[in-house]
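Enquirer: Chains as they are written, first to last, in this note's numbering: chain H, 1 to 418; chain L, 1 to 418.
Treat the hints as calculated values from the structure; they're not laboratory data. A couple of the hints might just be wrong.
[What the hints assert, rightly or not] Below, in silico cross-link-like pairs of lysine-lysine (DSS-like), each with a Cα-Cα straight-line distance of 30 Å or less:
# : chain 1 : residue 1 : chain 2 : residue 2
1 : L       : LYS277    : H       : LYS194
2 : L       : LYS102    : H       : LYS224
3 : L       : LYS285    : L       : LYS112
4 : L       : LYS102    : H       : LYS194
5 : H       : LYS112    : L       : LYS194
[To be verified] Reference listing, derived: stretches of chain L covered by chain H, where coverage requires no fewer than 3 residues with Cβ under 8 Å from a Cβ of chain H:
# : region
6 : 55-61
7 : 104-111
8 : 374-381
No residue lacks a Cβ here, since even glycine has one placed at the ideal position from N, Cα and C.
There are 2 protein chains.
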Amino acid sequence: MSSVVYAEELARRARVASRLLATAPTERKNRWLMDAAAGLEKRAMEIVEVNTADIAAATQAGLSAANIDRLRLTPDRIRAAADGVRQIAALPDPVGRVLDSKTRPNGLRIDKVSVPLGVIFFIYESRPNVTIDAAALCVKSGNAIILRGGKEALASNTVLHSVLQVALRANDLPVDAVQLVNTPDREVVGQLLKQSQFIDLVIPRGGESLIRRVAAEATMPVLKHYMGNCHVYVDRAAELAMAERIIVNAKCQRPGVCNAAESLLVHTDIASTFLPKAAATLLAKGVELRGCPVTCELVTAAKRATDADHAAEFLELILSVKVVPSLDAAIEHITRFGSQHTETIVTNDSDAARRFTNEVDASAVLVNASTRFNDGFEFGLGAEIGISTDKFHARGPCGLQELCTYKYVVFGSGQVRD
Amino acid sequence: MSSVVYAEELARRARVASRLLATAPTERKNRWLMDAAAGLEKRAMEIVEVNTADIAAATQAGLSAANIDRLRLTPDRIRAAADGVRQIAALPDPVGRVLDSKTRPNGLRIDKVSVPLGVIFFIYESRPNVTIDAAALCVKSGNAIILRGGKEALASNTVLHSVLQVALRANDLPVDAVQLVNTPDREVVGQLLKQSQFIDLVIPRGGESLIRRVAAEATMPVLKHYMGNCHVYVDRAAELAMAERIIVNAKCQRPGVCNAAESLLVHTDIASTFLPKAAATLLAKGVELRGCPVTCELVTAAKRATDADHAAEFLELILSVKVVPSLDAAIEHITRFGSQHTETIVTNDSDAARRFTNEVDASAVLVNASTRFNDGFEFGLGAEIGISTDKFHARGPCGLQELCTYKYVVFGSGQVRD
């Protein structure tokens with residue numbers, strides 16, 4: 001089959017499935033989730049076996065150790081994924097909520113009701129457990145999903161997909177609710193990005209180049225997850241031990257993710273007390289510091305930072321550092337260099353906290369907590385399909401509610417317009 | 001100044017203004033609205049005079065009578081626009097609402113708070129009163145706006161813009177909160193569509209070709225307002241007199257707008273009773289009917305409809321008509337030919353109404369009311385900046401709330417991630 005025909009067929013089937021799924025009862029969707037979780041655990045050995053073959057091929061192809069680790073499924077990881085699916089089953093159904101209701105003077109009752117988006121095309125890289133999360137979130141929110149994982153994970157994804165489809169069939173839900181692109185052919189992706197009559201949203205989850213390519217080609221809306229240049233600002237009214245714990249966690253706990261801190265701002269009044277000690281802890285953890293002139297005076301091990309350093313998303317153990325004369329200067333710096341992803345202030349001054357949370361524009365602004373908390377699971381969404389750096393529609397971690405839109409349902413008694 | 005420099009300058013100024021506007025107190029925004037309304041009324045004679053010159057030029061340029069009428073500002077229309085602005089002042093501030101709040105087991109409090117989008121680029125056609133509505137909605141929702149009206153209305157828009165800016169200055173709000181593109185040069189639009197670092201959303205309001213051009217060129221999200229192929233379905237359990245009133249209103253009250261009905265579906269059980277009488281009324285009002293074979297048997301004046309007729313947005317006194325054997329067939333027809341804009345069922349059967357509202361996917365689904373009610377003012381939003389046919393983010397009439405997004409504000413006491 002040509003990629004054109006294959007892509008259109010996938011998209012058309014997803015659209016048909018999405019119509020059935022949109023009105024599927026909550027209970028049936030939840031039973032599907034519980035069955036899928038049980039199926040994953042029951043077939044864990046088979047999954048691990050197939051995954052081992054994927055890993056062998058990837059190793060031969062020279063994939064990095066970090067990427068091999070991301071690709072790996074172990075019985076523990078499968079159990080964790082199954083638990084995640086059960087957690088999604090336990091969450092309320094996001095479809096059919098009355099978001100707003102009013103009765104107009106002419107007697108019309110107008111309900112704003114949440115409905116699924118329809119069909120979601122999800123493009124992601126090598127982690128196969130994302131297959132499970134994404135399908136669980138989409139189906140629970142009444143959306144059909146077309147999955148396109150990394151080519152290294154195709155065999156693993158194929159067996160996971162089969163577990164999900166068996167459970168769909170068992171629960172009388174459309175099997176095309178979860179479809180997997182069964183070829184590494186890149187042309188199919190391009191063709192799917194043209195199917196705006198059938199696909200309502202595309203979610204590329206991966207590096208910036210993938211997202212830019214998808215955004216440029218797509219004819220439907222794209223949920224974008226660009227970079228996170230996240231700051232921790234230590235205010236003059238900060239509790240310094242807390243500030244140190246927070247920057248160490250934000251930088252070091254998992255440096256390769258988007259909500260890790262890339263930049264530390266320190267109020268000048270506490271710089272000479274705070275910076276040398278915090279820097280020593282960070283240096284001991286292997287962090288390279290790139291600082292402003294004042295930082296470099298206080299911390300001799302620090303290198304000089306350029307503007308490019310202040311703007312960078314390092315995704316490794318490097319931190320840019322700047323001493324600022326005021327809260328205003330901190331906000332100004334974040335406005336200039338930040339990526340509107342995640343920003344933290346450490347302070348015991350409630351006025352400073354209020355100004356920071358009001359004036360800093362980012363998907364999440366935190367007071368006295370690590371940037372690492374901007375995450376669907378940590379925010380209680382059960383899981384997330386991505387962290388949106390977009391503003392129009394969903395922003396930040398996208399869980400079930402963010403995968404819905406709404407329609408107005410209006411009840412009249414024969415009203416016509418004057 | 002080159003169009004490149006001019007566009008970037010407009011966009012950059014709007015971004016700076018948007019930051020100030022984002023935290024402007026409600027009271028100050030409302031005072032601005034009241035002052036702007038008063039200013040419009042006070043300067044009504046001057047506005048009418050400038051508008052008369054625009055109309056003279058447009059007449060000379062051969063604009064159609066309908067477009068000349070849309071361009072015209074009269075003292076009555078100015079008063080109505082000023083009243084609209086006062087109504088927006090009376091609405092609650094959409095910024096800073098806590099949309100959701102939860103405290104996590106680790107003690108983090110997570111608020112989801114509404115915030116403005118930032119900068120909106122609004123492209124519209126000849127009606128100058130839209131200038132006022134759009135600016136009022138944007139500033140009240142904390143957004144800076146860049147206005148680009150039709151070239152025929154440039155002089156009228158310039159004086160309206162001056163009224164709005166005088167009121168901004170008087171209330172200590174940034175004058176760049178409302179900017180007007182002061183040239184008919186199309187190149188400026190193209191350049192503005194590239195300023196995604198400064199502009200958060202573009203709203204093209206006009207014909208389908210304008211929207212498609214903008215959507216193709218824009219580097220930022222676009223609020224799209226495509227066509228409305230709206231249906232009225234008369235169920236077998238309909239009250240027939242009500243059904244006739246509704247289809248006549250939906251088709252004839254203002255045939256040139258997107259929420260006018262373009263298609264009538266009639267259940268076969270009541271077709272022979274309902275159709276001849278309703279058709280006579282429609283024909284007497286000058287409506288041309290294009291029907292299926294059964295319709296043409298029942299109504300001799302009807303022409304035969306093609307698939308293209310069923311898919312068309314006529315925007316004039318033409319109606320496609322089809323007799324359907326069941327509610328399922330009606331839903332199926334709407335799914336195939338509808339534009340997900342506005343759909344109405346006329347019925348006294350609550351099961352049929354529930355199935356129709358659940359299964360029909362459109363921005364508004366109505367029971368026993370005219371399609372013409374899918375409108376920001378009629379829905380109690382005060383006014384609207386457009387009716388979105390998009391699904392991702394805002395759908396249907398977009399008022400103040402739909403011009404906002406949200407951010408998460410998180411309060412901790414030193415939490416770090418395990």
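Enquirer: Please write out, lowest number first, the hints stated earlier that are contradicted by the structure.
Expert: 1, 3, 4, 5 and 6
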